[in-house]
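Generate coordinates for the entire structure from the input sequences, incorporating the hints supplied.
Number of protein chains: 2
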Amino acid sequence: MDLVDDIRRGEVRAIARAISLIEDLEPEAELLADSLFPHTGRALILGVTGSPGAGKSTLVDRLITLERRSGHKVAVIAIDPSSPFSGGAVLGDRLRMQEHATDPGVFIRSMASRGFLGGVAAATGDVLKVLDAAGYDTIFIETIGVGQTEVKIVELSDIVLLVLMPGMGDEIQAMKAGVMEIGDIFIINKKDMPGADKLLMEVEYVLSFKNPGEDTVTNPIVMTSATNGEGIGLLREAIAAHRTEIARSGKLEQKRRFRLERELMGVLNRKIHQLMDVHIEVSKQLPDWADTLYRRKACPYALINKQIQNFLKEGRGDRTN
Amino acid sequence: MDLVDDIRRGEVRAIARAISLIEDLEPEAELLADSLFPHTGRALILGVTGSPGAGKSTLVDRLITLERRSGHKVAVIAIDPSSPFSGGAVLGDRLRMQEHATDPGVFIRSMASRGFLGGVAAATGDVLKVLDAAGYDTIFIETIGVGQTEVKIVELSDIVLLVLMPGMGDEIQAMKAGVMEIGDIFIINKKDMPGADKLLMEVEYVLSFKNPGEDTVTNPIVMTSATNGEGIGLLREAIAAHRTEIARSGKLEQKRRFRLERELMGVLNRKIHQLMDVHIEVSKQLPDWADTLYRRKACPYALINKQIQNFLKEGRGDRTN
Numbered sequence: 175m176d177l178v179d180d181i182r183r184g185e186v187r188a189i190a191r192a193i194s195l196i197e198d199l200e201p202e203a204e205l206l207a208d209s210l211f212p213h214t215g216r217a218l219i220l221g222v223t224g225s226p227g228a229g230k231s232t233l234v235d236r237l238i239t240l241e242r243r244s245g246h247k248v249a250v251i252a253i254d255p256s257s258p259f260s261g262g263a264v265l266g267d268r269l270r271m272q273e274h275a276t277d278p279g280v281f282i283r284s285m286a287s288r289g290f291l292g293g294v295a296a297a298t299g300d301v302l303k304v305l306d307a308a309g310y311d312t313i314f315i316e317t318i319g320v321g322q323t324e325v326k327i328v329e330l331s332d333i334v335l336l337v338l339m340p341g342m343g344d345e346i347q348a349m350k351a352g353v354m355e356i357g358d359i360f361i362i363n364k365k366d367m368p369g370a371d372k373l374l375m376e377v378e379y380v381l382s383f384k385n386p387g388e389d390t391v392t393n394p395i396v397m398t399s400a401t402n403g404e405g406i407g408l409l410r411e412a413i414a415a416h417r418t419e420i421a422r423s424g425k426l427e428q429k430r431r432f433r434l435e436r437e438l439m440g441v442l443n444r445k446i447h448q449l450m451d452v453h454i455e456v457s458k459q460l461p462d463w464a465d466t467l468y469r470r471k472a473c474p475y476a477l478i479n480k481q482i483q484n485f486l487k488e489g490r491g492d493r494t495n
Numbered sequence: 175m176d177l178v179d180d181i182r183r184g185e186v187r188a189i190a191r192a193i194s195l196i197e198d199l200e201p202e203a204e205l206l207a208d209s210l211f212p213h214t215g216r217a218l219i220l221g222v223t224g225s226p227g228a229g230k231s232t233l234v235d236r237l238i239t240l241e242r243r244s245g246h247k248v249a250v251i252a253i254d255p256s257s258p259f260s261g262g263a264v265l266g267d268r269l270r271m272q273e274h275a276t277d278p279g280v281f282i283r284s285m286a287s288r289g290f291l292g293g294v295a296a297a298t299g300d301v302l303k304v305l306d307a308a309g310y311d312t313i314f315i316e317t318i319g320v321g322q323t324e325v326k327i328v329e330l331s332d333i334v335l336l337v338l339m340p341g342m343g344d345e346i347q348a349m350k351a352g353v354m355e356i357g358d359i360f361i362i363n364k365k366d367m368p369g370a371d372k373l374l375m376e377v378e379y380v381l382s383f384k385n386p387g388e389d390t391v392t393n394p395i396v397m398t399s400a401t402n403g404e405g406i407g408l409l410r411e412a413i414a415a416h417r418t419e420i421a422r423s424g425k426l427e428q429k430r431r432f433r434l435e436r437e438l439m440g441v442l443n444r445k446i447h448q449l450m451d452v453h454i455e456v457s458k459q460l461p462d463w464a465d466t467l468y469r470r471k472a473c474p475y476a477l478i479n480k481q482i483q484n485f486l487k488e489g490r491g492d493r494t495n
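These protein sequence lines are chains R and C, in that order.
According to the working numbering, the first sequence is numbered sequentially starting from 175.
According to the working numbering, the second sequence is numbered sequentially starting from 175.
These are calculated hints, taken from the structure and not from any lab test.
Take the hints with a grain of salt, since some may be wrong.
Which copy is meant is left open, so a pair is good if it fits within one copy or across any two.
Unchecked claim - No farther apart than 20 Å at their CA atoms in a straight line, the calculated lysine to aspartate or glutamate pairs in the DMTMM-like style are these: (1) Lys425 to Glu435; (2) Lys471 to Glu427; (3) Lys480 to Asp451; (4) Lys425 to Glu404; (5) Lys487 to Asp311; (6) Lys429 to Glu404; (7) Lys445 to Glu455; (8) Lys487 to Asp451.
Given the structure is predicted, the values throughout are model-derived calculations rather than measurements.
Here it is in structure tokens:
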């Protein structure tokens with residue numbers, strides 16, 4: 175495939191075209207992803223998540239600048255929960271990042287999440303293959319806004335940066351309830367705002383409950399002021415050190431193997447849906463089935479079990495006759 | 175099934191036992207859910223979501239008190255993202271609600287979400303059937319903590335209450351980015367805190383962008399102070415009025431039909447997974463498949479396509495030979 179060669183040479187137009195094929199679920203996207211797959215595994219994938227307003231985009235901007243000074247090629251995928259309400263702020267973030275837009279070593283792309291988690295992870299996984307095969311050394315996946323996409327970020331990243339800021343008292347309760355698990359490196363941004371030291375203590379406190387037997391990798395906490403550029407060098411060193419640590423301990427390999435398992439399950443699910451759609455016309459019949467249920471003329475499990483029996487009988491042909 | 179009769183008579187021990195069967199994925203849970211299904215559709219299901227610390231549990235507490243005064247039976251399902259970190263706060267919330275624990279007309283149950291969204295919606299859907307068939311008039315589904323479960327709340331509820339509080343400047347950016355779509359009724363809790371009026375204006379502003387052609391149902395905004403009990407009566411009236419409005423406009427029916435479609439798809443997915451596990455031993459082979467990929471000896475789509483071909487060939491028996 176010529177497109178594969180062009181991507182591997184890092185040609186931006188080929189990369190953009192490949193991403194569009196993947197996003198539009200074109201039939202050739204699968205073969206493309208498979209053709210690129212043997213050339214992947216080199217890039218470091220950094221997930222960036224945290225509260226809206228915590229300064230994620232500015233941090234990523236600053237990190238890009240440092241990465242570029244070291245001669246690294248950098249890509250950013252911004253996952254954007256598409257919404258009738260998502261207006262100025264999100265677009266503003268994207269525009270701000272365009273300061274790197276004239277730099278051929280930086281590739282930035284927003285991906286709409288199209289409603290609730292629908293297919294983002296699958297498409298993003300294939301887009302990561304394009305960027306990885308194209309030779310980007312560091313790939314940021316950044317969530318915009320709310321927590322619905324955080325989960326997917328974790329599944330796709332080698333290292334997750336969790337960005338916090340002072341003055342969000344409720345943040346800590348959220349952390350207790352699960353967000354803290356998401357992060358590998360904790361960033362207290364806007365460190366000059368009141369409450370930064372308190373937040374640091376709270377994060378240290380919450381992290382102290384992490385079961386040491388379960389996870390021997392340390393979780394660095396870095397204080398930054400992204401707008402001034404303070405702490406960004408330290409953050410970059412922390413990322414590099416963490417990468418070395420997880421590579422040495424085998425945790426990076428473990429994460430990547432697990433990611434491949436998830437990806438396979440995802441592909442399997444989508445393929446099976448296609449198959450079921452052909453054999454028992456699920457998409458077409460679904461409203462009728464729901465109608466039967468709504469009128470309480472059938473029950474959910476019984477209805478589905480019957481459909482699957484039909485599928486198997488048809489699939490197995492004369493064997494069951 | 176005796177259990178079905180006991181549940182329909184509202185016997186709490188039968189209800190608790192049924193929920194345990196569902197949570198533990200016992201084989202008899204399916205038949206139980208189907209046997210209860212014809213007796214469902216009467217309860218009003220209220221989803222309660224919002225930022226941690228916004229006062230969701232206290233609000234629900236207050237609403238329970240009013241519902242009880244009207245002689246309604248009330249159930250609460252608190253979805254609890256299980257986490258090594260989730261400690262005191264979550265437990266505290268649950269304990270606080272226990273002020274209703276001695277009231278036989280109130281049933282409260284926490285459900286752990288067991289990691290990332292894994293099966294919560296499916297199990298919660300079946301638990302709702304138990305509570306609905308048991309005669310609870312109002313069922314609250316409340317999320318604890320972060321946004322990962324918000325999506326599921328929306329899928330399972332007739333009406334979603336989105337709880338906000340003043341002083342969370344970043345909240346608004348989050349709202350723009352999608353959270354506002356989740357809510358049917360907007361609650362500004364802690365209304366005596368500074369910034370409540372500003373938040374009200376902001377919420378009104380953001381809601382003004384809602385496409386009127388798309389959704390003719392109005393979205394009430396109610397200001398409350400749950401700790402003092404202020405505004406709770408108004409909130410309850412707003413809920414009742416909203417229910418009447420969506421019932422009249424057909425939106426409630428539409429939501430419930432759509433919920434049934436989702437449920438059917440969920441059951442279908444789980445059933446197919448079981449089937450694939452029997453035929454191509456997915457769970458058993460997955461680590462080996464991932465290993466092959468990790469060593470770049472195979473490609474994701476090609477590997478899965480081959481497995482599905484094997485499944486179909488085996489399934490179809492001698493027809494393909």
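To see whether the hints hold, each was checked on the structure:
In this assembly of identical chains, the alpha carbons of Lys425 and Glu435 lie at most 20 Å apart only when taken from the same copy (15 Å versus 40 Å across copies). Taking the closest pair of Cα atoms, Lys471 and Glu427 come within 20 Å of each other only across two copies (16 Å); inside a single copy the shortest separation is 51 Å, beyond that limit. Taking the closest pair of Cα atoms, Lys480 and Asp451 come within 20 Å of each other both inside a single copy (15 Å) and across two copies (19 Å). Proximity of Lys425 to Glu404 under the C-alpha cut-off of 20 Å is found in neither arrangement, the shortest distances being 30 Å within a copy and 52 Å between copies.
Proximity of Lys487 to Asp311 under the C-alpha cut-off of 20 Å is found in neither arrangement, the shortest distances being 51 Å within a copy and 42 Å between copies. For a Cα distance limit of 20 Å, the shortest separation of Lys429 from Glu404 qualifies neither inside one copy, at 31 Å, nor across copies, at 49 Å. Proximity of Lys445 and Glu455 under a CA criterion of 20 Å is satisfied in both settings, with 14 Å inside one chain copy and 16 Å between copies. With identical chains, the CA atoms of Lys487 and Asp451 are at most 20 Å apart both within one copy (16 Å) and between copies (18 Å).
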